[in-house]
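S.K.: Taken in order, these protein sequences are the chains called A and B.
When we follow this note's numbering, the leftmost residue of the first sequence carries the number 1, and every step to the right adds one.
When we follow this note's numbering, the leftmost residue of the second sequence carries the number 1, and every step to the right adds one.
Please note: incorrect hints may appear among the correct ones.
[Stated by the list, open to error] If you anchor each label on the Cβ, the simulated ranges turn out as follows:
1. B:63 to A:97: 48 to 56 Å
2. B:84 to A:78: 19 to 27 Å
3. A:97 to B:202: 19 to 27 Å
4. A:83 to B:76: 29 to 37 Å
5. A:97 to B:158: 12 to 20 Å
6. A:78 to B:199: 48 to 56 Å
7. A:78 to B:218: 43 to 51 Å
8. B:185 to A:99: 27 to 35 Å
To be clear, the hints were calculated from the coordinates, so they are not data collected in a lab.
The C-beta atom is built at its ideal place from N, Cα and C for all residues, glycine as well.
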Amino acid sequence: MDMTLLQRTIKQFISSQHTDIDSVELLHLADIIASISKNSNEWNAAATLLAADHERNPGKRMAFRCYPTQELKSCINEVPRMSTLEWNTRALARIYGAEFEEVLNHQPREAHK
Amino acid sequence: MKLTTQKLSNITANPLFLVGSGISSIAAFMFYLYDKYGSAPGVISSITFYGTLAVLSLGYVYSARIRSENIALRGLSEVFFEINQIYRDKLREQFCSDSPVTDPENLLAEEELALKGVCQRIAAIFSSVTNRRCMVTIKLVTSEERKCFAHTYVRSQELCNRDTPDRIKYAVGSGANTGFDTALAKRSDGLPSHFYSANLPALEKQRGYSNQRQHYSRHYRSTIVVPIRGVNKGKESTPSEFDLIGFLCVDTMSLNRLNEGYHLFMISALASQMYNFMSLMRGKYTVFVG
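Bound conformation, chain B alone (with noise of 0.2 Å):
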């Protein structure tokens, strides 16, 4: 696109160019009234105008409002891009030479580092679509005494206060932390395996959320939490039917601002990516090289 088209197209793309035109159709529609009506305005008309005027106000607010998820969904593209560029790049990293890694230690120290950028990357993607700053986690699950726990491995941020002074040990499975258990339950609504909260203090409120981090509150009040994990062929319906990794969780300060539309699958998509791209740096997955 020549720089002029491209210029004029980000000014009209604008939600404030869409708000300038409406206050401007507005006024000129006013005026147009008290030209023709000045002297006797009449009751009828006055109403018509003003019930019509809020009418278009709220239709401007809210399309003004869609422009602006528009104009940041479309600069997800470029997220996602890298995102994928991390997964590509790290894998030809550790595989594709004559000599590939084959040590654990080294493959999860790389592990880590490339699920790092993802999480910032993750944390980018929807503090853009909640207009909000929301944090990204990534959980391990662990097994002791045939006991379900998860472990915070990779935070969006760095040396997150969330960590000090103790790290919370999670039991999944055991009723004490409602993210957790909820999001490995299998749906029948079509949605993916998910839990979902606007608002965990009400849901509190309600007894329909418990949590072992005490004051969570002050770190998070809503949250999507979706399982890590691949469905493991021919075992389903049974008690190992998922290869279960761990959980990705986003939440964020603010109230009814994360949403179960495509809030949800965008991160489920994210964490079936991530799942595809830890099993290959573990060696989950036979892969062929020439």
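The following block holds chain A by itself, in its conformation from the complex (with noise of 0.2 Å):
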């Protein structure tokens, strides 16, 4: 199952602290993280607490216990996978035509999703 953004975005905070997450002190952010919604004020409330948190506790080192929570939709994931190479054969073989479709058909492609 694919992680979402704020599991991924907790999993390299904790991986940037460089310690295991058993041995620090587990922040439970369950009421938090059950009331993130679609609606953006919503992860800046999430974001203000803990902000707040903190600031309370400068030197405490923190985990988080991922919860799951609502669907997010990655739109620009949709985007056809390709090199930056590739792209910008495409740009220019828009503007230019034919001299930069045939370098786009000799050019490895990325798996397109």
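Could you fit the two chains together into a complex? Lean on the hints.
M.R.: As structure tokens, then:
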């Protein structure tokens, strides 16, 4: 199952702490995460709560316990995957035509989604 | 600010106000000296006076120049605002709806449109800070048979005479185009990667510059070139360290107008911002929308 953005962010945070999740104090964020919805204001509210907690205990090392969150739509991911060179060649082919279409045909492509 | 105060502020901020007040001060000082020593002016007092006058004049000229630059810089805030607005509105237009655009052709058409607008504004920024007409160009990098080439993508000027009769395909990494090759090199002096020259013909005479465009000096004689690229994390010090999209170039016919100080940092910042915009438009970043 794909991880949500929040889960990935949390994973990155934990790995940046260079520590094992079990060895640090767990901060239960169930209430915060449960309240997160598609409404961006609630994301802001969650961020504010986290910032406030960090301000109260600046030295505290935190780890997060993940809870399932709402499905988030990854729209830009639906854009076909191409290498930068392929994107560039396509962009130039749009403007200059045949010359770059030829180049495009000879270029190795990334697997399209 | 009230209208009267605003007008007063505009008058005092104008370089001509400083020049006028300087001339008045000098004239008053001369009158004072004439009045006091008019009958028999001494040699020492005359030398002192003219020496002081020269220093004062230089100071005023420099001060007027700085003021003029300061006014130009203040005016730039509006242009930076416009650039950010173009990026924001274009991204929202493409992705912030129930049916986001995913067709590469449409995305590239919109990318080109936005970048044209941005190039025009960047040219306005540099024309303003140099007091000379500047041209801004985005070059895209392509690869053919393991060789890299840079091609003109967007310019700040439509139907530019530089692109006629034939468009030039610039080799990158071959030594044929110093600007692009130098711009890609990593630097150890803390400056962003770039190529800079305030006098290209002089650099060429010293055999320090080559360009596949023959007679380039008919179009420009000084330039700053910066790469549009991002770092591939975890691939540092390997051939695929950077994700290179292309180059952002600013140039002008006037010599010694572009500088390697804040001009360089401005164009580098704009190139980094451009990299992020292009990466978002091309689906390089995963963005979750609610």
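S.K.: For every hint, state whether the structure bears it out.
M.R.: Against the structure, the hints come out as follows:
1. B:63 to A:97: 48 to 56 Å: Taking Cβ atoms as reference, residue 63 of chain B and residue 97 of chain A lie about 54 Å apart, which means the hint holds.
2. B:84 to A:78: 19 to 27 Å: The hinted range 19 to 27 Å holds for residue 84 of chain B and residue 78 of chain A, with Cβ atoms some 26 Å apart.
3. A:97 to B:202: 19 to 27 Å: With Cβ atoms ~39 Å apart, the hint is violated.
4. A:83 to B:76: 29 to 37 Å: holds (35 Å)
5. A:97 to B:158: 12 to 20 Å: holds (18 Å)
6. A:78 to B:199: 48 to 56 Å: Hint holds: Cβ distance 49 Å, inside 48 to 56 Å.
7. A:78 to B:218: 43 to 51 Å: holds (47 Å)
8. B:185 to A:99: 27 to 35 Å: holds (29 Å)
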